[in-house]
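> Take the sequences, apply the hints, and build the full model.
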Amino acid sequence: MRSHSHCVRAASLFVFLALALSHVAPADAQSRPELRWGGDAEGGAPFVEADPNDPSHVVGFDVEIATLLAEGLGRVPRFVQVGFTSLDALAARGDFDIGLSGIEDSPARRARLAVTIPYYEFREILTVRAADRDRFRTLADLRGRKVATLGATLAYDLLVAAQSRDGVVPVTYEDDVHPYSDLALGRIDAVVLDEVLALRGVRRNATLINQPAELGVGHYVGLLAPSQGPLRDRMNELLREAMRDGRLEAIFKRWNMWNEDQPRLYARLLAGAASEAAAPAQPAPASAWEATRRYLPALFRAAVITLILSCASMFLAVVAGVLIASGRVYGSRPVQALLTAYVEIIRGTPLLLQLFVLYFGLASVVQLPAFVAALIGLGLNYAAYESEIYRGALEAVPTGQLDAARTLGFSNRQTLVLVRGPQAFRLALAPMTNDFVALLKDSSLVSVITVVELTKETSIFAANIGSWVVPGALCAAIYLMMSLPLARLARRIEKGWRRP
Amino acid sequence: MSTLVLNSVKVHRGPREVIQDVSLSAASGELLAIMGASGSGKTTILRALAGLEPIAGGTIDIDGIQLKAGGLPRGALLRDLHRRVGIVFQFHHLFAHMTALHNVWLAPVHVLRRPRAEAERAARALLEMLGVAERADSMPHELSGGEAQRVAIARALAVEPPVLLMDEPTASLDPARRGDLAATLRELAAQGRTVVVATHDAEFARACAHRVVMVEGGRVIREGRTSDVLE
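Line by line, the protein sequences are chains A and B. Numbers 1 to 500, taken from the working numbering, label the letters of the first sequence in order. Numbers 1 to 231, taken from the working numbering, label the letters of the second sequence in order.
The hints are simulated quantities; they were obtained by calculation from the structure and are not laboratory data. All the given hints hold, so there is nothing to weed out.
Covered by chain A, according to a simulated footprint, are these stretches of chain B (three or more residues, beta-carbon under 8 Å):
id: 1; stretch: 43-54
id: 2; stretch: 85-97
id: 3; stretch: 100-110
Cβ coordinates follow ideal geometry from the N, Cα and C atoms, glycine included.
Rendered as structure tokens:
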């Protein structure tokens, strides 16, 4: 009896829940399961872009391909926003069924994930300023010049090869908008990216042109978890069908991307040449050990950049911090108010935003080199924090010490330099070292303004071999090698200085 | 002639008048004890003399300069004041990050612009005179209360002020040491200085002071020769 009433109650609860849900969910979701697909709406048109009329809705050719696949599978497409650089890792975890976001085919991806047949073929091309049209036709013309691309792409591999062959200087960006705006500004001399991005870049910057020479060929594919082989095979069938009946053609025509390369690609794929299409434009992936050996010098170089940047930024932060703290303790009312505002604004806004403003936002006024912008950004940000430490420490020096200095005839400046400052420094030393270690790690943020430091180099390495295990461990070890001696040094200095 | 004259001095702390119309004087070579219970205002008088407390009324004349009502002394007046007045605080306030010797030569070098070597020699001589030469290289926290007090006296004397103020000098001393200090202070006065000591220790005042001023509630209630006042 008891169990019966339990069952009735459970059943009625279930019916209630089902009814409630049916009112919330869209009508066609009642019977059909979802196809969760991952993409990065930050990538923008023509890939995946938030609809300007309804930002909760995405549009783009990858959106239409996802819809095409979902319909073929009898499912409802559901978009999952994923940062572009996390697509591989999240696909491997199975956070979504398929990743579609202008993802390049590569041997590393094929080795670790279930990858669909290609659905689009693109060429890597060179974009330059119109004025340099005749000067920079190919990478070989750009010896000693800065050439930009996105990290961890086929174009990046092309640039790394050109670095040793032609002496170009690769610069990596996190997004595909700023390479072109920086090219227009003259910060860099060329951009290598796929022509879909290059056409968009030239459209947005009237002073740029694309060179006709093809530097390489790549393909866009979908990414699935390695265990999703059967689903991938069904999707491949759906893609072939869409190639045959012209639905893919219609999608790419709608987005002005259709060209003569596509029918040739489709013909090869429909003739059963899946392997040919996948043939890499790059060398076969090296073993993890071999790749690590290859990347080690680059990692150490990047670690040196991290160290130099951190030390220089900390120096700036300490000097500026002392000035700010002195101004807040000794300055006139307006000076105090101004410095307080500075500290609160800097502490209250993200460092990432400050770096963006400094490097990209001010680019039309002053074009700081990336390293200098990084140094100033980190230094002035940490200066706000240091100044608070120093202010606290200055105010913690007992008033008796200041009275004693005053009655001996010291001026305010002498009191600060001879008595208050040195005593405050002892109090500030521990939090300062703490901040230096934090800065060492925060310096990884400057990769957003194209400085390749340790973390960025690691993520390039990880993308190249398709795994974070070895690169992550190596990167952590190098950071520890830098921060542990620092912590020890600080403890020794503190011991030497610490007297009550 | 008196080196030190307070004329109707008032000190306010917020709305409270903590020193009310205090008038007193001390001549060079004289050791004056300001006596009273805790909170009577004796320390405030010393702080006003040392330029650490603004006076709200009256005047203070010290060896040719005059402090008046208004803010704290500043600029040239402050410099002149500190060439004339040295103070030893109850808790000494030795600079915590320097050795005893460094504490003593710091002001001669940076305020009087004496050469470092000369100032250091003079500082050693002062520590020698006060019997703490062997603690010259110790840090303040390594010193006993009595030693720290002697170093603080040396520090105050290093700029050669004609007036030396001491706040509660016996607070950090055991009874045996009080006699030594009394002798030292009498000797400093005998060398021509004006020494003003704020204390609540009648026995100590009897042992060293020429004259005593009794304060209570911020007013002078009695004044005279030590033997007369401490009858």
